[in-house]
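Colleague: Chains as they are written, first to last, in our numbering: chain A, 1 to 110; chain B, 1 to 116.
For the record, the hints were derived by calculation from the structure and aren't laboratory data. Note that beta-carbon positions come from the ideal geometry of N, C-alpha and C, so glycine has one too. Please note that a few of the clues may not be correct.
[Said to hold, decoys possible] Take a look, some chain A residues computed to stay more than 12 Å from chain B by CB distance:
id, residue
1, Gly42
2, Glu52
3, Ser80
4, Ser84
[To be verified] Okay, the calculated bits of chain B under chain A, using three or more residues with CB under 8 Å as the criterion:
id, stretch
5, 46-56
6, 104-115
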Amino acid sequence: NAGVTQTPKFQVLKTGQSMTLQCAQDMNHNSMYWYRQDPGMGLRLIYYSASEGTTDKGEVPNGYNVSRLNKREFSLRLESAAPSQTSVYFCASSLGYGYTFGSGTRLTVV
Amino acid sequence: AQSVTQLDSHVSVSEGTPVLLRCNYSSSYSPSLFWYVQHPNKGLQLLLKYTSAATLVKGINGFEAEFKKSETSFHLTKPSAHMSDAAEYFCVVTLEGQTGANNLFFGTGTRLTVIP
Numbered sequence: 001n002a003g004v005t006q007t008p009k010f011q012v013l014k015t016g017q018s019m020t021l022q023c024a025q026d027m028n029h030n031s032m033y034w035y036r037q038d039p040g041m042g043l044r045l046i047y048y049s050a051s052e053g054t055t056d057k058g059e060v061p062n063g064y065n066v067s068r069l070n071k072r073e074f075s076l077r078l079e080s081a082a083p084s085q086t087s088v089y090f091c092a093s094s095l096g097y098g099y100t101f102g103s104g105t106r107l108t109v110v
Numbered sequence: 001a002q003s004v005t006q007l008d009s010h011v012s013v014s015e016g017t018p019v020l021l022r023c024n025y026s027s028s029y030s031p032s033l034f035w036y037v038q039h040p041n042k043g044l045q046l047l048l049k050y051t052s053a054a055t056l057v058k059g060i061n062g063f064e065a066e067f068k069k070s071e072t073s074f075h076l077t078k079p080s081a082h083m084s085d086a087a088e089y090f091c092v093v094t095l096e097g098q099t100g101a102n103n104l105f106f107g108t109g110t111r112l113t114v115i116p
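Pulled out of the complex, with its shape left as it was, chain A reads as follows (with noise of 0.2 Å):
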């Protein structure tokens, strides 16, 4: 079925490890993004990237970076991570005003 995958859907890390969120979509679309969404304060942005080979800060981008690594994917990778990262992301894309969001991932630092 055509739209966002993200992997993995849930993940444990220790505080200091590392690990990248992958995202690929299967639309054609140009621009991709990354958001975290926490209780009570919707979804922010952490990254964007508005067409292949160019990203840029969202809201709330420390502790993370970002790589469009072609037109289909664009991973998220925290270096250390921080019990503040414990959250549920969401990949999006979109191509003018129609976004589509991949169904989460669902990360607890401990």
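With the hints as your guide, set chain B onto chain A.
Modeller: Leaving out everything else, chain B in the frame of chain A:
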């Protein structure tokens, strides 16, 4: 600056009664506005969007929203609630003419409970 305020963090209705989820926005420009729904442990699904066409927007599953510029509101309504409508709803505003996600602002969400 752009922002969106969802006036109720939790709304509870009986099955078969109307639903009203309130959203006010502030924007320096003509905004585009969206409502998304999130069912438990699921991703976000677009209900409807307003992008400067008709002010009354019809979406999926019987939902609709009216853009009122004078009131800076974009409230979501449904005539008759169904049990399957129980979910979290997000009002989202973005800047017209911009394609960068840096201009996508989410409200904090309204949790809708439907009582049988």
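Colleague: Each hint needs a verdict: does it hold in this structure or not?
Modeller: Here's how the hints hold up against the structure:
1. With a closest Cβ-Cβ approach of about 4 Å to chain B, A:Gly42 is found to fall inside the 12 Å limit, against its non-interface label.
2. For A:Glu52, the shortest C-beta to C-beta distance to chain B comes to about 14 Å, beyond the 12 Å cut-off, and the non-interface label holds.
3. Once the 12 Å rule is applied to beta carbons, A:Ser80 is consistent with being away from chain B; the minimum gap is 25 Å.
4. Here A:Ser84 stays apart from chain B, with its beta-carbon at least about 19 Å from theirs, past the 12 Å limit.
5. Counting residues of the stretch 46-56 of chain B whose CB falls under 8 Å from any CB of chain A gives 3; the rule of at least 3 is met.
6. Counting residues of the stretch 104-115 of chain B whose CB lies closer than 8 Å to any CB of chain A gives 5, which reaches the minimum of 3, so the coverage claim holds.
Violated hint for the displayed structure: number 1, the only one.
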